[in-house]
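Colleague: If you want the building blocks of each chain, they are given just below.
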Amino acid sequence: MKCQEFEPIIINLARGQLVEAASRETALNHLDRCARCASAFDEQRALTAGIRVAAESLANQGASARVEEALLQAFREQAMQFTAPEVRLRWRRWTFGLAAAAILLLALLAGMDWLKSPPANQKRETVNLPATPSGEGPGQKQNSQAQIEGRRDQKQKMGRKSAGSRRLSERRGVRQSVESANEIATRFYPLVEEGEMSPLESGMIVRVEAPASALITLGLPITAENINRPVQADLLLGQDGLARAIRFVP
Amino acid sequence: MTPSDDELLRLMRAGAEEAFGALYHRHQGRVFRFALLMSGCSATADDVTQEVFLALLRESRHYDPALGTLSTWLYGIARKQVLRFLRRNQSFIQLGDEADDEEPAPVRYLISQDNPLNELTRSEMAGAVRQAVLALPARYREVVVLCDFQEMSYAEAAQALDCSVGTISSRLNRARALLARRLRDVGKTPQSSLDTDPRRCLA
Numbered sequence: 001m002k003c004q005e006f007e008p009i010i011i012n013l014a015r016g017q018l019v020e021a022a023s024r025e026t027a028l029n030h031l032d033r034c035a036r037c038a039s040a041f042d043e044q045r046a047l048t049a050g051i052r053v054a055a056e057s058l059a060n061q062g063a064s065a066r067v068e069e070a071l072l073q074a075f076r077e078q079a080m081q082f083t084a085p086e087v088r089l090r091w092r093r094w095t096f097g098l099a100a101a102a103i104l105l106l107a108l109l110a111g112m113d114w115l116k117s118p119p120a121n122q123k124r125e126t127v128n129l130p131a132t133p134s135g136e137g138p139g140q141k142q143n144s145q146a147q148i149e150g151r152r153d154q155k156q157k158m159g160r161k162s163a164g165s166r167r168l169s170e171r172r173g174v175r176q177s178v179e180s181a182n183e184i185a186t187r188f189y190p191l192v193e194e195g196e197m198s199p200l201e202s203g204m205i206v207r208v209e210a211p212a213s214a215l216i217t218l219g220l221p222i223t224a225e226n227i228n229r230p231v232q233a234d235l236l237l238g239q240d241g242l243a244r245a246i247r248f249v250p
Numbered sequence: 251m252t253p254s255d256d257e258l259l260r261l262m263r264a265g266a267e268e269a270f271g272a273l274y275h276r277h278q279g280r281v282f283r284f285a286l287l288m289s290g291c292s293a294t295a296d297d298v299t300q301e302v303f304l305a306l307l308r309e310s311r312h313y314d315p316a317l318g319t320l321s322t323w324l325y326g327i328a329r330k331q332v333l334r335f336l337r338r339n340q341s342f343i344q345l346g347d348e349a350d351d352e353e354p355a356p357v358r359y360l361i362s363q364d365n366p367l368n369e370l371t372r373s374e375m376a377g378a379v380r381q382a383v384l385a386l387p388a389r390y391r392e393v394v395v396l397c398d399f400q401e402m403s404y405a406e407a408a409q410a411l412d413c414s415v416g417t418i419s420s421r422l423n424r425a426r427a428l429l430a431r432r433l434r435d436v437g438k439t440p441q442s443s444l445d446t447d448p449r450r451c452l453a
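Line by line, the protein sequences are chains A and B.
Residue 212 in the working numbering sits at position 212 of the first sequence, with consecutive numbering throughout.
With the second sequence counted from 1, adding 250 to any position gets you the working numbering.
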């Protein structure tokens, strides 16, 4: 074998590594005969010792405390990032739930309001009347006293209902609105027949939410997908607190 | 019973700060010393250690236990960070990765000439060995640091450096031959006192 071929074996021997017995024996025999390789072997052993001592001098070396602090801070920030979305998602679920409950409650209130308003057949009868539901119509004087008497009871009942409805709306926070010049709305549809009530001297408009199906009652068009959506409406209440007319705010 | 690296890693991913702390204390010393021996600069070694454990924090999903130990994975990251540092500072340290396999950069480039402690430093063998290691081309230096200073097996070093065991063996032989020649030329005998700490940041 040439000296060059012994070099890896010599280095492994000098490093204290395990070497195959036959190779070790051959290499040691070669070292006995070759002064150059023997010198290289001594050098490598000295180098191994030097490296060992140098490594020991570094054994206690480590990163400074600031590195650990920075890393722990980064860990905490990352942990926050992982948990924050879960918290946000939980809050979002709560928010959606509360919003849905609020909408349902409002729709329920509006539905009750609508049920307490005058019967639908009366509205149908008056749907094409002019927008001003108050005042004495020309035919009022032609009404017989019997008709007036016959409707008095009904009127009193309706009056009680409408007043109750108004109180209910006010109690449940239904917002009263002032008619805005910029707001787009339908015309007022009368809810009572002409001459059925005392003339309108003063009134109040109350904003309520009603189910969209209320539009059908008045013969207004509505698409199937919107039938369950609440619509906003303004109720015109007379000085006696009775609902006289309604209009819808799209 | 001491938990394994993989167990600590699982706990760390679940958000246990203690597990991350345990992994840090278990591995930071070796990573730091590897970076220190490779760069010759304790500030750089600090930075590299920080980057390595940040990678553990943020990219531990890239670690595959089937491909090697956590330790070798961390060394792999440390090596990339150190090589990035060395590339950035080529004007200060002659790396000789491309052409000068024959001879490492002279030690005089690595020791400030105006340092009055130079003579004392050179008289300390540990310092001389470390300076000679620093003067090796990076690809030989990393093998000496892993196999001789950190006492890794050839197989582990091959995983950390992403090369074959044969490459590790041949590079180590070459590196040690260069080291021996360097120390002989400087006139130091490795048997001398080696308890010096000649850290000096050259970056």
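By construction, these hints were calculated from the structure, which means they are not laboratory data.
Model, not experiment: these values are computed from the prediction.
Note that CB positions come from ideal geometry on N, CA and C, so glycine has one too.
Careful: at least some of the hints might be erroneous.
Residues from chain B shown here face chain A by an in silico Cβ test under 8 Å; the list is partial [claimed, not checked]: (1) Leu259; (2) Arg260; (3) Leu261; (4) Ala272; (5) Tyr274; (6) Gln278; (7) Gln300; (8) Met375.
Colleague: State for each hint whether it applies.
Modeller: Tested hints:
With its C-beta approaching chain A no nearer than about 13 Å, Leu259 of chain B sits outside the 8 Å limit, and its interface hint is violated. About 15 Å separates the beta-carbon of Arg260 of chain B from the nearest beta-carbon of chain A, more than 8 Å, and the hint is not met. Proximity of Leu261 of chain B to chain A is violated relative to the hint, the smallest CB-CB distance being about 12 Å (cut-off 8 Å). Nearest Cβ of chain A to the Cβ of Ala272 of chain B: about 12 Å, over the 8 Å cut. The hint is violated.
Annotation: interface hint on Tyr274 of chain B holds; nearest CB of chain A at approximately 6 Å, less than 8 Å. Evaluation of the Gln278 of chain B hint against chain A yields a held restraint, the C-beta minimum of about 5 Å falling below 8 Å. Annotation: interface hint on Gln300 of chain B holds; nearest CB of chain A at approximately 5 Å, less than 8 Å. Of the supplied interface hints, the one on Met375 of chain B holds, with its beta-carbon coming within about 6 Å of a beta-carbon of chain A, less than 8 Å.
Violated hints for the displayed structure, listed by number in ascending order: 1, 2, 3, 4.
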